[in-house]
Amino acid sequence: KAGVTQTPRYLIKTRGQQVTLSCSPISGHRSVSWYQQTPGQGLQFLFEYFSETQRNKGNFPGRFSGRQFSNSRSEMNVSTLELGDSALYLCASSLGVGSMNTEAFFGQGTRLTVV
Amino acid sequence: GEDVEQSLFLSVREGDSSVINCTYTDSSSTYLYWYKQEPGAGLQLLTYIFSNMDMKQDQRLTVLLNKKDKHLSLRIADTQTGDSAIYFCAEKTRDSSYKLIFGSGTRLLVRP
Numbered sequence: 001k002a003g004v005t006q007t008p009r010y011l012i013k014t015r016g017q018q019v020t021l022s023c024s025p026i027s028g029h030r031s032v033s034w035y036q037q038t039p040g041q042g043l044q045f046l047f048e049y050f051s052e053t054q055r056n057k058g059n060f061p062g063r064f065s066g067r068q069f070s071n072s073r074s075e076m077n078v079s080t081l082e083l084g085d086s087a088l089y090l091c092a093s094s095l096g097v098g099s100m101n102t103e104a105f106f107g108q109g110t111r112l113t114v115v
Numbered sequence: 116g117e118d119v120e121q122s123l124f125l126s127v128r129e130g131d132s133s134v135i136n137c138t139y140t141d142s143s144s145t146y147l148y149w150y151k152q153e154p155g156a157g158l159q160l161l162t163y164i165f166s167n168m169d170m171k172q173d174q175r176l177t178v179l180l181n182k183k184d185k186h187l188s189l190r191i192a193d194t195q196t197g198d199s200a201i202y203f204c205a206e207k208t209r210d211s212s213y214k215l216i217f218g219s220g221t222r223l224l225v226r227p
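If you read the protein sequences in the order shown, they are chains A and B.
Going by our numbering, the residue at position 93 of the first sequence is 93; the numbering climbs one at a time, nothing skipped.
Going by our numbering, the residue at position 39 of the second sequence is 154; the numbering climbs one at a time, nothing skipped.
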């Protein structure tokens, strides 16, 4: 059974540009959550998508957005990149509903560097 | 409010037991988790405990939960050099969404 796949693994972008990151969840999982990991702020929740709908959102500016497709794959987009957006972006996959919705599995992450 | 705290660093000798501690503030949390992160990698789910349990054992891992003090611990028996990593505890909020609140992580160093 394939795990959570995030692409690309590494990205270098220039300030002011925009970027799109992709996450394919485990087969059968309908929830995808996104997290930002930085040395200063640690792991912070960005948002969660379930059945193509955003179900929860963290405290990030509107430059951070996401979406989920009918096959549960998710993308997140960051517009007008700032140096402080440099981070490891992790996505997590979970069932999304039911009594078995107890575990979230993470991908390897996308390392974004803004220069 | 939501807040999870961990000590930053732990060093143990190979073969000894390691105990990593965590405190949380949200008494309505449903599940509490331990994740492991190795350099350059994502998060690996190690184990989790439901909030109405006191203890869970899984091979070399033992999780203890003290709900009164909102204290969670992870004990690793017979610690190996391959256990050197950063360990994160996390709590899941009670609502239907899957949102985890993470601690800052404890770096475990296992000395040969």
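Any given hint might turn out to be false.
Claimed, not checked - Calculated pairs, DSSO-like style, for lysine-lysine (alpha carbon to alpha carbon, straight line, at most 30 Å):
1) B/Lys-171 - B/Lys-185
2) A/Lys-57 - B/Lys-185
3) B/Lys-182 - A/Lys-57
4) B/Lys-185 - B/Lys-151
5) B/Lys-171 - B/Lys-182
6) B/Lys-183 - B/Lys-151
7) A/Lys-13 - A/Lys-57
8) B/Lys-151 - B/Lys-171
9) B/Lys-151 - A/Lys-57
10) B/Lys-151 - B/Lys-182
11) B/Lys-151 - A/Lys-13
12) B/Lys-183 - B/Lys-171
The set of hints was computed from the structure by calculation and includes no laboratory data.
Hints, verified against the model:
1. For the suggested pair B/Lys-171 and B/Lys-185, the alpha carbons sit about 16 Å apart, so the restraint of at most 30 Å is met.
2. At most 30 Å may separate the alpha-carbon atoms for a hinted pair to count; A/Lys-57 and B/Lys-185 meet this at roughly 25 Å.
3. Restraint check for B/Lys-182 and A/Lys-57: satisfied, since their Cα atoms lie roughly 27 Å apart, inside the 30 Å limit.
4. Of the pairs offered as hints, the one joining B/Lys-185 and B/Lys-151 holds, with about 21 Å between alpha carbons and a cut-off of 30 Å not exceeded.
5. Restraint check for B/Lys-171 and B/Lys-182: satisfied, since their Cα atoms lie roughly 14 Å apart, inside the 30 Å limit.
6. Pair hint B/Lys-183 plus B/Lys-151 holds up; C-alpha atoms about 26 Å apart against a cutoff of 30 Å.
7. Only pairs whose Cα atoms come within 30 Å are accepted, and A/Lys-13 paired with A/Lys-57 is accepted, the gap being roughly 25 Å.
8. With a CA separation close to 17 Å, the supplied pair B/Lys-151 and B/Lys-171 stays within the 30 Å bound.
9. At roughly 24 Å between alpha-carbon atoms, B/Lys-151 and A/Lys-57 fall within 30 Å of each other, so this suggested pair holds.
10. Between the alpha carbons of B/Lys-151 and B/Lys-182 the distance comes to roughly 23 Å, so the proposed pair stays at or under 30 Å and holds.
11. Of the supplied pair hints, the one linking B/Lys-151 and A/Lys-13 holds, its CA atoms being roughly 29 Å apart against a limit of 30 Å.
12. Under the criterion of a C-alpha separation no larger than 30 Å, the hint pairing B/Lys-183 with B/Lys-171 is consistent with the structure, at around 17 Å.
Taken one by one, the earlier hints all hold for this structure without exception.
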